[in-house]
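*Asks:* Given two chains presented individually in distinct reference frames, assemble the corresponding complex, making use of the accompanying hints.
Chains as they are written, first to last, in UniProt numbering: chain A, 1 to 324; chain B, 1 to 359.
Be aware that one or more of the hints could be misleading.
Keeping only pairs whose Cα atoms sit at most 30 Å apart, straight-line, the calculated DSBU-like set for lysine-lysine is [as the list claims (entries may be wrong)]:
hint	chain 1	residue 1	chain 2	residue 2
1	B	Lys276	B	Lys327
2	B	Lys279	B	Lys206
3	A	Lys33	A	Lys16
4	B	Lys272	B	Lys327
5	B	Lys162	A	Lys16
6	A	Lys33	B	Lys162
7	A	Lys23	B	Lys162
8	B	Lys303	B	Lys279
9	A	Lys180	A	Lys16
10	B	Lys206	B	Lys162
11	A	Lys214	A	Lys180
12	A	Lys46	B	Lys162
Chain A stretches covered by chain B per the calculated footprint, using a threshold of three residues with CB under 8 Å from any CB of chain B [to be verified]:
hint	region
13	130 to 136
14	183 to 197
What the hints contain is simulated information worked out from the structure, not anything from laboratory work. Glycine included, every Cβ here is placed at the ideal spot set by N, Cα and C.
Residue-level listing of the chains:
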Amino acid sequence: MSTLTLGKALNTGLRKAMEDDPKVVLMGEDIGKLGGVFRITDGLQKDFGEARVVDTPLAEAGIVGTAVGLAMRGYKPVVEIQFDGFVFPAYNQIVTQVAKIHARSRGKLPMPITIRIPFGGGIGAVEHHSESPEAYFAHTTGLKVVAVSNPADAYWMLQQAIAHPDPVVFFEPKRRYWDKAEVDLDAAPPPLFSSRVVRAGDDVTLLAYGPMVKTALQAAEAAEAEGRSLEVVDLRTLSPLDLAPVEESVRRTGRCVVVHEAQTTLGLGAEIAARVSESCFHSLEAPVLRVGGYDVTYPPSKLEEEYLPDLDRVLEAVDRSMGF
Amino acid sequence: MQTVVTNVQTREFVITAIAHQPPVQDGRPVAPSSDPTTARTSLATMWKIRRFEEAVDDLFARGLMHGTMHLSIGQEASATGVCLALRERDAITSTHRGHGHCIAQGADLTRMMAELLAKESGYCRGRGGSMHIADVATGNLGANGIVGGGIPIAAGAALAYKMRGEDRVVASFFGDGATNEGAFHEGLNLAAIWDLPVVFVCENNKYGMSFSTEFSMAVPHVAERAAAYGMPGVTVDGNDLDAVHAAAAEAVDRARNGGGPTLIEAETYRWKGHSKSDKNLYRTREEIAEWRERDPILAFETKVTESGLLTAQDVAAARDEATEAIKNAVREANAGVDADPGDLLDAVFAPLDTQDVTR
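In isolation and in its complexed conformation, chain B is listed as follows (with noise of 0.2 Å):
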C-alpha cells in the first residue's frame, strides 16, 4: 500500500509505504507467533531495528556521524509489538530513544540514516538528526529530546481526533524517567478526563540515564501510576513480542472505541549505555548479561521456530533481508547531499503560504 503526501514546505511529493496493517483474523487481532507472514515482518522489522542500530553506534565509533544517539538494543520487541497494533492512519510520539519506533511505524531506512548523517535527504532535511526525527507521513509526530515531551503532544493530536470524529489512535512512546516528569501527570490526567484515545506506552529499561527504578520510584511498576487517572494499567515483559503486542491491541481496541486510554509498562532493557558517553558504571556486567540471555528477538525465532511456524532458513532470510536494507540505507544515505549551513534560517518560522495546512 502507498500513500502519496505533498510537503507544503519543498513542495516535494513523497511517497510512502506503509509497512504494517494490523493482523486481524474474525475481527481479533492475531497474535505475530500464530501467523507466519505476521512473525516474518515482525521478524525482519525486530533486526531492521538492531542492524540500524549496531550501523549507527559503528559510524559513531569511526567518527563517520556526528553528534550524539541513544540505542534501544535490546529493546526492539516493545516499539515493534505497539506498532504492529496499530492502523496506517494512525500515531505516534516517540522519545530521544526512538529509532526502533521510527522503523517499526515504517519509516524509510535510506531517509532516516540520512537524517542521522545530517544529509539533505534526511526526514528533517539532516537538521532533526538522532533526536528529532519527525516522519509525518506515517503518522510520527516526533522523537523528542525533552524527557515526557511527547505525552502532552500525543494528548492533543488525540484530541484533534476526537474533536473530528475519527476512529484514529495515537500511541505515545516514553521511558520510565518520564514518569516522574510534570507532563506524564498532567497529559495521563487530560487524556483520562476526555477519554482520548491514547496508549501511553512506558518502555521501562529500569535506569533514567544512570538512576534506577529501584529509587526513582516508591512503586514497584510504573502501571500502579495508572490508578491514579482512573485507566486501566498493565504490566507486560517487554521482550516478548506476543505479550506486548496483545495489550497494545486491546489498549489501541479501547482507544479507538470510546473507551479512553491506556497505560502500559513494557520491562525491557537497553544493553547498551545510555548515550554514546556513558561508561556503564552504575550496572554490573552480570546484570547487563542476564539481560542479554532474554534477547527479544532470539526468544520470538525460538518460539516460532520450536512451534514449527517458521523454519530456521526463514528466520535468516528475515535477518539477512534487514542486514542487505540496512548496508543499502548506509550506502544510499551517505551519497547524498550535506545540509547547507547557508539554510538554517529557512525554517525558523512558516511560510505565509502554509496556513491553511489541514492535517
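Pulled out of the complex, with its shape left as it was, chain A reads as follows (with noise of 0.2 Å):
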C-alpha cells in the first residue's frame, strides 16, 4: 500500500507502463525537462531519455499525426494534451485518422495510442482550460474514453489504456490531481472499461466520473444526514459505456441522476438517460435528470463556481426525482 495523489499514481502508473513495454514512447509540450505543466511526466525524461520522453512544439495536430505513424511502426504513443481546450487542434487527427485507420486498413495498421488529457475545471484556470470535451470523443466510432476519478483507478487505467490495443481517449480530472488515497500497487484491477458502485443506497442512484464522482460522494453523506439513501457509480468508462452496473442498481431505486461538468446538451448524461430509460422503462418512479454545465462558454475563474455543477445542484435534482 503507498498513499498517493492521483497526480502521482498516474506518474508512477507511467513509469511502470513504461518500465514493462520498452515500445511505450511520451509525447507532448512540456512533458520532459519540465516534467509536464501538472507535473505528471515528472522525472520520467530523467530516467528512461529523450528519445522515450519527447519534448515537442506546439503543434497538436502533429503530435497526434506523428503519434499515428509511430502507431503504425510498432511503438505505443501516449500524447500529453497539456489542457483539454488544446486537443481542438488536434481534433482532425484524432477523429479522421486515429479513430479510423484500424478500421480502413482492415486490421493491417494497429492504432494502440493513448491521448491523456487533463479536463474540467474548479483550478481557477479559463476557457480552453477547464472544458469537458469527453461527448465529442464518445460519439467517434473507433475511439475508447475513459475517465478516472481517483488515485488507484488512475494508477491501474492508465497502464490498461496504454496497453490496450485499440485509441484510448483518457480524461484525468485535474482538479482531483492532488487528492490522496492509499493505492494498493499489487492488487488485481478491475477491468478497464467496467462502471462500478462507489457507494450502496436505495433511494435513488446517481451516476457521475471523473471530478464529479467526488462531488456524487460528498452529496450522498449529506443526503445521509437528511435520511435518504443515494447508490453513486462511478461510470470510468464513457466509450464503451459499461451501463450493467448502472440497470442493476436503477432496477432496485427506479431513479437515476446523471452528473457531469460538461455542457447537459448532448452530454453523456443524454445517451446514459435515453439507454435506461429503455432498458429500465417499468422500474423507473422518474423520468432520468441530468446535472450538468451550463449551455455558455466556459466562465471566467471568478465565476466557475456558478458553473459548476456542485452538492447543491446534486440534491435539488435528488429531490426532484424523489418529488415525481
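*Replies:* Written out as C-alpha cells, the structure is:
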C-alpha cells in the first residue's frame, strides 16, 4: 500500500508502463525537462531518456499525427494534451486518422495510442483550460474513452489503457490531481471498461465520472444526514459504456440522476438517460435527470463556481427525482 | 524477390513480390534512361498506372464501380521516379490520388483492383476503396482522404525508424493543396527539428480541386517553403522521369544517412478532372492540350528510343505487358467475392490478441 495523490499515481503508472514495455513512448508539450504543466511526467525523461519522453513543439495536430505514424511502425505512443481545450487543434487527426485507420486498413495498421487529457474546471483557470470535451470523442466510432476519479484507478487504468490495442482517450480530472488515497500497487485491478458502484444506497442512483464522482459522494453523505440513501456509480468508461451495474441499481431504486461538468445539452447524460429509459422503463419512478454545465462558454475563473455542478445542484436534482 | 507477411487480423499469409530495387552503379543511383532493364521496368510501371486508371475510368463510366475516384493520368513519372529511388523496406504515405503511388511501390494489381471493386480479396477487404488503400507489405502506409493527412504520419513512421536505429526512409506524397494545410507546417517542422528520414514529395499539379496555385500561394514555387524549415527544397519537372528520380535519389540518400528531410516539388498536371464529377470549368482546353503534349510516358519513350537504349519493340512490349496485366487484374478482381456488409463491425477495434504486434 502506498499513499499517492492522483497525479503521482498517474506518474507511477506511466513509469510502470514504460518499464514493462519498451515500445511505450511519451510525447507532448513541456513533458520532458519540465515534467509537464501538472508534473504528471515528472522525472520520466531523466530516467528513460529524451528518445522515450519526447518534448515537442506546440503542434497538437503534428504530435497526434506523428503518434499515428509511430503506432503504424510498432510503438505505443502516449500523448499528453496539455489542457482540454488544446485538443481541438488535434481533433482532426484524432477523428479522421486515429479513430479510423484500424477499420480502414482492416486491422493491418494497429492504433494503440493513448491520448491523455486533463479535463474539467475548478482550478481557477479559464476557457480552453477548464473544459469537458469527452462527448465529442465518445460520439466518434473507433475511439475508446475513459475518465478516472481516484488515485487507484489513475494508477491502474492508465497502464491498462496503454496496454490496450485500440486508441484510448484518457481523461484526468485536473482539479483532483492533488487528492490523496491509499493505492494497492499489487492488487488485481478491475477490467478497464467497467463501471463500479462506489457507494451503496436504496433511494436514488447517482451516476458520475471523473471530477464529479467526489461531488456525488459528498452529495450522498449530505443526503444521508437527511435520511436519504443514494447509490453512487463511478462510470469510469464513457465509450464503450458499461451500464450493467447502472441498470441493476436503477431497477432497485427506480430513480436515476446523471452528473457531469460538461454542458448538459447532448452530453453523456443524454445518451445514458436514453439508454436507461429504454432498458429500465418499467422500473423507473421518475424520468432520468441530468445535472451538468450550462450552455455557455466556460466562464472566467471568478464565476466558475456558478457554472460547475455542486452539492446543492446534485441534491436539488435528487429532490426533484424523489418528488415524482 | 519475395517477402512473406502474416496478417494478424485474418491470419492469412500474403506473398508479395517486391517490384523494385533502386538501380545503383558504383554506389551512385543510375538514371532510368541510362540502363535498359530499369528503363523497361519504369516504362512498364508508368503504363500500368495509366492503364489501371483508364480501366477505373471506364468501370466507373459503365456503372461497374461505385463511390468516387481521383485519377493521376499525366502524373505517372513522379510516383514512378520517387518509388524507384526507395529500397525494399522503405515506406510511403499516399493521397486521395494514390493509385500511381500504390502501383509504383509494387502493389499487386489484382488485389488493388479488387479493393476498388469492393471485393473481399482487396487490400482492405474492399472497405478502403480507391481513397484508402493501404498495402502494408510493400510499405504503403495508406492513401488518405484528408488532404495533408499523410504528412505527419510519415514523420511519425520516420521517427519510429530513427528511434530503432534502422536506416529506412519514408517518402510522403501530397499535392499542392496540402501545402496550405496546417498539417504540412507541423509535419515538416517536426521532421526538420528531429532530422527525420523523410522525403516530402509535393506533386504540384497546379490545382487544389478547382483552385489554382496562382491564387492559393503567394510564392511561385512550393519548394521555396522548405527554407522556412531549414531543409533543402528543389523544384523539378515532374513529367521527366530522370529528373524526378535524380532529385528523389539524392534526397533519399541524404535522409538515409542522417541528413534529415527534403522537400521535392514535382511540377506536373492531371489530365482528368479532380474526381469523376469535375466538369473542368476552371481551366481551358488549351491548357489541358498543352500539358497533354508533355506526356511523361511519351517523353520517356522518345528519350530512350532516340538514344538507342530501347528499341521500338521494347517500348511496345512494355506497353503491351501493362495492358495485359490490367486486363487480367480486372478479370481476376471481378471474379472475387463481394465484401459482406455483415462484417462491417469486425475491424472497428482490434481483437485483443493483437496487442503485441511489432512492425
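*Asks:* Taking the earlier hints as the rules, which of them does this structure contradict?
*Replies:* Going through the list in order, the structure violates hints 8, 10, 13 and 14 and respects the others.
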